[in-house]
Amino acid sequence: MTNRFSFGNGAALLQRLGSVIGLLLLLIALSVLSPDFLNAGNLLTVLRQVSINALIAFGMTFVILAGGIDLSVGAILAFTGAITAGVMASGHGMLLAIGAGLGLGLLLGVINGVLVSWGRVAPFIATLGTMTLLRGLTLSYTQGQPIGVSNNSFALLGDGYIAHLIPNPVVWMFGVFLLCAFLLRGTVFGRHVFALGGNEEAARLSGVRINAMKLGVYGLSGLLSAFAGIVLTSRLYSAQATAGSGYELDAIAAVVLGGTSLAGGRGWLFGTLVGALLIGFLNNGLNLLGVSSFYQQVVKGAVILIAVLLDRRK
Amino acid sequence: MRKFELLAVSALTLLAAACSQQGPADSSAPSAASSSAPAAAAGKTIGLALSTQNNPFFVALKDGAQKEAAVDGYTLTVVDAQDDPAKQISSVEDLIQKKVSVILLNPTDSSALAGAVKEANNAHIPVITLDRSVDGGQVVTHIASDNVAGGDDAAKFLIKALDNKGNVIELQGVPGTSAARDRGEGFDDGIKGSGLKIIAQQPANFDRAQGLSVTENLLQGHPDVQAIFAQNDEMALGAVRALDGAKRANVLVVGFDGTPDGIQAVKDGKIAAIVAQQPQLIGQLGVKSAKSVIDGQTVEAKISVPLKLVTKDNAQ
Chain A
1 MTNRFSFGNG AALLQRLGSV IGLLLLLIAL SVLSPDFLNA GNLLTVLRQV
51 SINALIAFGM TFVILAGGID LSVGAILAFT GAITAGVMAS GHGMLLAIGA
101 GLGLGLLLGV INGVLVSWGR VAPFIATLGT MTLLRGLTLS YTQGQPIGVS
151 NNSFALLGDG YIAHLIPNPV VWMFGVFLLC AFLLRGTVFG RHVFALGGNE
201 EAARLSGVRI NAMKLGVYGL SGLLSAFAGI VLTSRLYSAQ ATAGSGYELD
251 AIAAVVLGGT SLAGGRGWLF GTLVGALLIG FLNNGLNLLG VSSFYQQVVK
301 GAVILIAVLL DRRK
Chain B
1001 MRKFELLAVS ALTLLAAACS QQGPADSSAP SAASSSAPAA AAGKTIGLAL
1051 STQNNPFFVA LKDGAQKEAA VDGYTLTVVD AQDDPAKQIS SVEDLIQKKV
1101 SVILLNPTDS SALAGAVKEA NNAHIPVITL DRSVDGGQVV THIASDNVAG
1151 GDDAAKFLIK ALDNKGNVIE LQGVPGTSAA RDRGEGFDDG IKGSGLKIIA
1201 QQPANFDRAQ GLSVTENLLQ GHPDVQAIFA QNDEMALGAV RALDGAKRAN
1251 VLVVGFDGTP DGIQAVKDGK IAAIVAQQPQ LIGQLGVKSA KSVIDGQTVE
1301 AKISVPLKLV TKDNAQ
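Chains as they are written, first to last, in the working numbering: chain A, 1 to 314; chain B, 1001 to 1316.
Warning: the hint list may mix true and false statements.
Here are the simulated lysine-lysine pairs, DSBU-like style, with alpha carbons at most 30 Å apart [said to hold, decoys possible]:
(1) A/Lys300 with B/Lys1267
(2) B/Lys1267 with B/Lys1067
(3) B/Lys1308 with B/Lys1165
(4) B/Lys1067 with A/Lys300
(5) B/Lys1308 with B/Lys1067
(6) A/Lys300 with B/Lys1087
These are computed hints drawn from the structure, not numbers from a lab.
Computed from a predicted structure; not experimentally measured.
Construct all of the structure, not just a fragment, from the sequences and the given hints.
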């Protein structure tokens, strides 16, 4: 039983470190291959580039650890981003707009949770449904056009810097990481997430409130997707009708690359951060090396396949 | 287990390195050529950030840019945003980190890319926009088709083809876009003062299905029509379907863009003429202007790329 929980034994820890070693190797290789790679400017640029995916992937980690999957994250990002921009465009203040976006994201995530728990719909199908529904709502709300944002303080959220150096999205990413890591490791909620994904029946018998837990993890995923949507809207000075297409797959890839098992019950949040960085550095490095964008997709696909193969071997 | 992972990552890194050296599709200067390139161009890299390669128009633009870059042995690094503005910002940042000499930007969206242009400005890398413009930051020049002149070409064609007499329906693009505005302006001004009359104007949002339904409705309300001007090929193809359904084969249709489907319809005699853009030329002029910027010459703040009238006689 203890093996199923977060701590595991020494061998499991070594296995997990595979993704960290992979990231270090990639960093070394790129430093050797490209003269423009290893400098503070580029590293901060990559951190900012991965922040959106990382924010979504942190929420996705909880869902996957609890034995589920959330395909609606990209659609929630687009819809909440559009609503946030829309609230500001109709003359309201930035705080109300952000509150509306975050509240809506939480609500949409909870709806996913209700479908999966009381509705007994398979997570893949339930979130596929909400994804399609929200994509349609976003297109009809925006009429397919970007909604511009002219609020300067709002623009700082995604485009500003701390001390003229650290991009704000990077601060959000590490802040949310610390909060989520505490939630996962330091609270009963976190322990129950592992228990739920490890063996739902056993968790039920030992008193875990299964349905409430599912509302919690999908709600968290929705909330973080909305936060990512707000940061992205700020960064783009506009909400895009088709924003976040395919982001669900990037987030799942980050979680899996980080060594969290798609079967649930086994994994760690730090791995997800490493996975997101792996994808980000791979994108950045391939661009710096001038690799054709067609081959970039081949390389990324191969990396994900290898990670999943490794997951199967564990 | 860990050995396997190490092996996998090293193999991928090697693969990436191999791709970067060959880069057959996207890197126009082969490694051998770049070492023997003229001194002025040696080591000079131009970055091209495309909105998407999932559209023949932008692939043609890239081809034109690559051919022009290869002439003097410049290296062209192409990044593709797959129509995602966030991804395009990242790729522009990567080009900045790569310290390319000039960035050719074909934005996915005018508002979203302003921040990326400002970042390039801060890094003192000149930016040239292609096809779509950007709402913020400093660009050296904007290169795009002259849509106003194209609209005028369409008007002139119809005036001649109809012997300066008849009624015209105009299918408009997405309201508020620069393409719809400029094409409409050129066409309306061209028709003004002639014997032709625009009896109806309605948006069909650059969409084939809407072009079909809007034309069907307009034909009901305005049966006496001799020509239809559509602000893009997709709407023109929709109008052709509506005319087929209403058995009105004698109505002349004029499209805009020159997509493969549109050109085929010209060859088949379904569309009378298309005002065709020249994406290859846009890419070529982009790289030419970049070379001028690198050589320290001044370039015009706006470069209009001429359009070409395609009829059955010159369609290919």
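Open item on the list: What's the verdict on lysine 1067 of chain B and lysine 300 of chain A, does the C-alpha distance respect the 30 Å limit or exceed it?
Closed with: 29 Å, holds
Task: Pair hint outcome, lysine 1267 of chain B versus lysine 1067 of chain B [Cα-Cα no greater than 30 Å] - done: 28 Å, holds
- [ ] Quickly compare the C-alpha distance for lysine 300 of chain A and lysine 1087 of chain B to 30 Å and report which way the hint goes.
- [x] Distance ~15 Å between lysine 300 of chain A and lysine 1087 of chain B Cα, so the pair holds.
Open item on the list: Would the hint linking lysine 1308 of chain B and lysine 1165 of chain B be met if the CA-CA limit is 30 Å?
Closed with: 24 Å, holds
Task: 30 Å Cα cutoff - pair lysine 1308 of chain B, lysine 1067 of chain B - done: 21 Å, holds
Open item on the list: Hinted pair, alpha-carbon criterion (30 Å max): lysine 300 of chain A, lysine 1267 of chain B. Please report holds or violated.
Closed with: With Cα atoms ~42 Å apart, lysine 300 of chain A and lysine 1267 of chain B exceed 30 Å; violated.
Of the numbered hints stated above, the single one contradicted by the structure is hint 1.
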